[in-house]
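Asks: Chain by chain, the residues run as shown.
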Amino acid sequence: MALTDADVDHVASLARLGLSAEERARLRDQLSTILGHIEVLDRLDTAAIPPTAQVLPLINVLREDAPRPSLSRDEALANAPRQADGFFEVHAVLTGGPDAEEEAP
Amino acid sequence: MSGQDGARTGAGRATTASDLTALTAAEARRHLDARDVSAAELTEAHLARIDAVEGRVHSYITVMAEVARAQATAGDARIARGEAAPMTGVPVALKDNLCTVDAPTTAASRILAGYRSPYDATVVSRLRDQGAVFLGKANTDEFAMGSSTEWSAFGATRNPWRLSHVPGGSSGGPAAAVAADEAVVALGSDTGGSVRQPAGFCGVVGLKPTYGRVSRYGLIAFASSLDQIGPFARTVEDAAILLGAVAGHDPLDSTSAPEAVPDFAAMVGPGAGEPDLRGVRLGVAREYTIEGMEPGVQAAVDAAIARLAELGAELVEVSLPHTEYALATYYITAPAEASANLARYDGVRFGLSVQAPTLRETYERTRGEGFGPEVKRRIMLGTYALSSGYYDAYYVKAQKVRTLVRRDFDEAFERVDAIVCPTSPTVAFAFGARTDDPYQMYLSDVFTIPANMAGIPGIAVPCGFADGLPVSLQVLGPAFDEGIVLRVADAYERSETWTGQRPPL
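Those sequence lines, one after another, are chains A and B.
Sequential numbering from 1 applies to the first sequence in the numbering used here.
Sequential numbering from 106 applies to the second sequence in the numbering used here.
Keep in mind the hints are simulated off the structure, nothing from the lab.
Any given hint might turn out to be false.
What the hints assert, rightly or not - Cut-off 25 Å, straight-line C-alpha distance, at most; resulting in silico cross-link-like pairs (DMTMM-like, lysine to aspartate or glutamate):
(1) B:K505 to B:E392
(2) B:K505 to B:E519
(3) B:K505 to A:D45
(4) B:K505 to B:D515
(5) B:K505 to A:E75
(6) B:K505 to B:E429
(7) B:K505 to B:E516
(8) B:K505 to A:E39
Bound conformation, chain B alone (with noise of 0.2 Å):
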């Protein structure tokens, strides 16, 4: 990839197809609107390049190549008007579970095989409207439960790093995508980690926004307090670009957040000068520091935050007392959250139906040999949560155990700014290492539930690798402000040499 620096620098021609798939969103935008690179060339080299790696990373679920032809058609058209938007020709990929009306919408489930959704997610029709490039619907856990893939009912990703071990999940084809230059950048939902985590796995940016700020309309519904969408990319400034495109009010989603939307990409970047943190506290938590953490992810870890202090940022020690409950805490409320969403997949207005002579026996065949085994099992859960004499033992109590957590953070973002911590306590996994074993499963999540449950935004930003695997910093920051995390994640990032290096695909 000798064009890469070229490319980095936004200087030179980008010609080759492997030039041209290292791009990264804000390089693509500056070729693009040169008119030096088409967005026809630019999908093109991403189709090609999905047809030479996907018998090996299996990223994506369907490919809509004739849709991202069109749509780079009229992308390169809308360019020559001078009419772009951020993300005018800018090849995306989608998690399977955002509904789009001109390819399948899955949710990696055997229940929603060939679902075609009658309305677009949306983050699909702002992208649309943007005139960004879909191409394609990418891989996930069945339902976004899960924290590997290996529950998808299509077939596992694996991680490009390396091919026997998972790349995370629930949007571990997301992120592989972008790992492996399948996309620029892509679309996933974390509802416990599930943008981090695989963002980690993979060695890619990825960013869970506050809850609110992104809607959640034509997302397919998991745990509906928890569920946020957010943007996986290569670099931070392209989070950025990618968050600014989606995010916003929107009056279909009554839980999405009348709030401004600031200019994050300004905030981050060439563009927002040399990375200097002088005057950012940023809080480390104890909490985050736990058994079963592997010695080389402590190492990178720690690196990093020693590199954030030496860019000026003041390190705090913050104490976050509730963190070893918000794991069993976030397993009552998001399968009891998901056991009354999933109840609409009855085998009568969609998906599959196992016709039975009962309704009732054609609602349990249906969803007997609909759901996997992940998807059962939370069903399970969650229902017995909420069911009668379990109730207030269980579902109130995980309920009443989240304010304590949503207070262990506003006590630490009075005294700090952000606070910084591993994304998970390992690197990926081999395939089959704990699928026998859900607990051990849930276990990697242990440091990226706790956002979810308080509803803040956090950011996975690679930072180095243990095992010839990819290490990932989390950076965490109060609600509605993702402006703080993504200028931290942005000033490790470009303050490290090493970043940027791509996979040995």
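For reference, chain A alone in the conformation it holds in the complex (with noise of 0.2 Å):
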């Protein structure tokens, strides 16, 4: 399976991860050969096989529904890069920021 460039661009645009030109050209061929090696899997015939999520036989786990002490604001907050009146501070993405069109639901 080779990527294209433009199979490149589109991931790295849906994990919001920026990239240089170089490594956007190293990952289309690194990739491409990973998935090659991955290709192995089609020789298995699953169609009747139920798949593997997780190993435990846990289902539901559930506490119950009661306070408990949880972080504090401050405490929540301290690593933040940006902090306004208690909250964390982003750019507005929805009406009159600069994303607003993009990032509109």
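Both chains are sitting in their own frames, so use the hints and assemble them into the complex.
Replies: So this is what it looks like as structure tokens:
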């Protein structure tokens, strides 16, 4: 499976990952090689095999709906690159901000 | 190290600094409780050892000298009160993807440089509660993605046995720290072999417990259905002691198993009697002999398996026919899970933030500058496998093959108690040998990945040398039967006379 430059750009965009031109070219080639190795799986007929997402026989692990201590606001914000009025601060994305057109639902 | 023999039998006083750094956790416990060695002396000896060898080995990203000294003082007071727990006063290294409130937690990534967690990982708080001493945060490949520590953003760790060679990875720092006597024991994490492979390369013991045995709360997530925290030690007994200290159900990790934790330490070591494997059926799988296997590794592993038979084990040929597919399966599943887990590094709530005019550009620039090459490769691979049009062909396909890998083990464990095989197909390789060819790097985990896919426990135990570098035997067991893998590894270790050799640092 050989990836194209457009494939790499599309995937990088989905992953919100900024890449240099050199990185894009290298990843195109390396990912194509790795996907080539992965094609070994095509030899197996798995039509009737159920998937395994995780190995434990646990389902619906729930806790009691009771209050318990959590991080304080100051602790939660302690590592924030930008904060304002007790909130994480980001560029506006809904109305009026430069991302509005692209990011709004 | 004239005191080593005395120390190993637990007799006599350990007085010199090299005696103190040669102690195992079990020996240290006896000396600490007998009050002929203090936790403060033990800690100072290790800090001095770190000063002496870190320039060559670089096991640590952060040394926690002041924290360690305070913990040692508190440990001595606790021992004096007669309230010592198994790990009280014992110096430990922590892989730098385990969150600690009193030291930075970086996962060896620029994107988390200087990050200070507001909470401790459950394994860290359990060790803290026992009064353990934290020497520092040990090196790893960035976000635990790699097999050599060459992908650490803060410089590679060197193999204490040969400084021109890698220590393995991703937990190369914890492995090298224990091998170089810079810590008594250490905790790492194993997603595809990241405890066992570096343990093998550095000639120490490394255990990946059953998925769910140890809480992952506060372990920086890589691939959540595969990640498991495990111990490094210089003896199997010490690995059992450290496992016992951190294992058990944790309500903060919904994938932690509500299973009782047996007294692992009681199953191993001199207290468990003469090494004896009579009645134990050990599976030998032909699929674990592959092209590219180094002859010296094969010879040492064959000799170790013969020794297990001399100890009374019955060898049974088993087949794990999907072994050759496990690697390809892993390199879909692990990157897919990683691409989702690493979405949180967005420059908004913590970590590096490269501000740009729009939020989207801020994301892209932060992640582009913060992540290194292997992490980018895995995010790209995982995002691709999960993307529209490829999800069924890659991600779902891998999940189905994972079922086949699990079934192989289920069927084998109907016939045998444990499976023995090499930990890695090669000994430690030279720096730079595999960084240009990602798939060659991935191949060094070919024998360790199946256990993660199946969720079963596995231990790596030193079994000799090839070309002057350590070779490692791997023992795999059924889910929640760490006891059998510890017993087999312990019997082997105690039947050999060369074990306990130290690297020539």
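Asks: Within 25 Å, alpha carbon to alpha carbon, are K505 (chain B) and D45 (chain A)?
Replies: holds (10 Å)
Asks: Please work out if K505 (chain B) and E75 (chain A) have their alpha carbons no farther apart than 25 Å.
Replies: violated (42 Å)
Asks: What's the verdict on K505 (chain B) and E516 (chain B), does the C-alpha distance respect the 25 Å limit or exceed it?
Replies: With Cα atoms ~17 Å apart, K505 (chain B) and E516 (chain B) stay inside 25 Å; holds.
Asks: Can the restraint linking K505 (chain B) and E429 (chain B) be considered satisfied, given a maximum Cα separation of 25 Å?
Replies: holds (15 Å)
Asks: Measure nothing beyond the straight line between the CA atoms of K505 (chain B) and E519 (chain B); if it is 25 Å or shorter, mark the hint as holding.
Replies: It holds: about 22 Å lies between the C-alpha atoms, which stays within 25 Å.
Asks: When you check the alpha-carbon spacing of K505 (chain B) and E392 (chain B), does it fall within 25 Å?
Replies: holds (20 Å)
Asks: Hinted pair, alpha-carbon criterion (25 Å max): K505 (chain B), D515 (chain B). Please report holds or violated.
Replies: OK: K505 (chain B) and D515 (chain B) at ~15 Å, within 25 Å.
Asks: Please work out if K505 (chain B) and E39 (chain A) have their alpha carbons no farther apart than 25 Å.
Replies: Satisfied, since the Cα-Cα distance of roughly 14 Å is no more than 25 Å.
This entry does not satisfy hint 5, going by the numbered hints stated previously; all others are met.
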